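A.B. asks: As a plain string of letters, each chain reads:
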Amino acid sequence: AQSVAQPEDQVNVAEGNPLTVKCTYSVSGNPYLFWYVQYPNRGLQFLLKYITGDNLVKGSYGFEAEFNKSQTSFHLKKPSALVSDSALYFCAVRDPKGFQKLVFGTGTRLLVSP
Amino acid sequence: DAGVTQSPTHLIKTRGQQVTLRCSPKSGHDTVSWYQQALGQGPQFIFQYYEEEERQRGNFPDRFSGHQFPNYSSELNVNALLLGDSALYLCASSGASGANVLTFGAGSRLTVL
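These protein sequence lines map, in sequence, to chains A and B.
In this text, residue positions in the first sequence follow the working numbering: the first is 1, and each later residue adds one.
In this text, residue positions in the second sequence follow the working numbering: the first is 1, and each later residue adds one.
Since the hints were derived computationally from the structure, they do not count as laboratory data.
None of the values given here were measured: they were computed from a predicted structure.
Note that CB positions come from ideal geometry on N, CA and C, so glycine has one too.
Hints may be right or wrong, so weigh each one.
[Claimed, not checked] Which residues of chain B face chain A? A few of them, derived with a C-beta cut under 7 Å, are:
1) Gln56
2) Arg57
3) Ala80
4) Ser86
5) Leu90
6) Ser94
7) Gly95
The whole structure should be built from the sequences, with the hints applied where relevant.
C.D. replies: In structure tokens, the structure reads:
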């Protein structure tokens, strides 16, 4: 069965500094990987996905993620953090043979200080 | 273009009661999935509906049931509510293609007392 691990409950970074939110996955076969962001009292918003192709994926709001098959990781990155990036971030994996069912990690809270 | 809409946004029930949550998918989407997000946890897949039938189900008891209507909207029903059913219930819609991104609604927050 597929699974996702987000080892950090919270990541703290100063505005203007680069940020990384970590994610590792376990899935049989080639993974479909996603990052979503959740703001207070809001649903999940899609940031980016990896299906196939280039290992560096660019997404919304300046975020990008690097797929590393040998390390089974899909870390989310941004070169320069904004205070408005403060939110809850979820990594998710989908079984490519399934019907769009996503398995989410437990989430990482990103706090960007001014 | 409206995204995914869910109702009600908040509701409070007591143990043993039944609840119905509603979801209208994004325009052009025909597949609806439901997720349960407990406090401090990631969303957990409940089930998915396509062509008015349950296509896939997660590890949830039969107390959780659903329905999809011809206009693609959907309902989630939970019977015999338990305290542990308190959570944010998220509806997500997508096209039929397997690689399509899920679009989530803002959720219905259920509190069971």
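A.B. asks: Now look at each hint and say whether the structure bears it out.
C.D. replies: Outcome of the hint check:
1. Gln56: 5 Å, holds
2. Arg57: With Cβ-Cβ at 9 Å, over 7 Å, it is violated.
3. Ala80: 25 Å, violated
4. Ser86: 16 Å, violated
5. Leu90: 6 Å, holds
6. Ser94: 6 Å, holds
7. Gly95: 9 Å, violated
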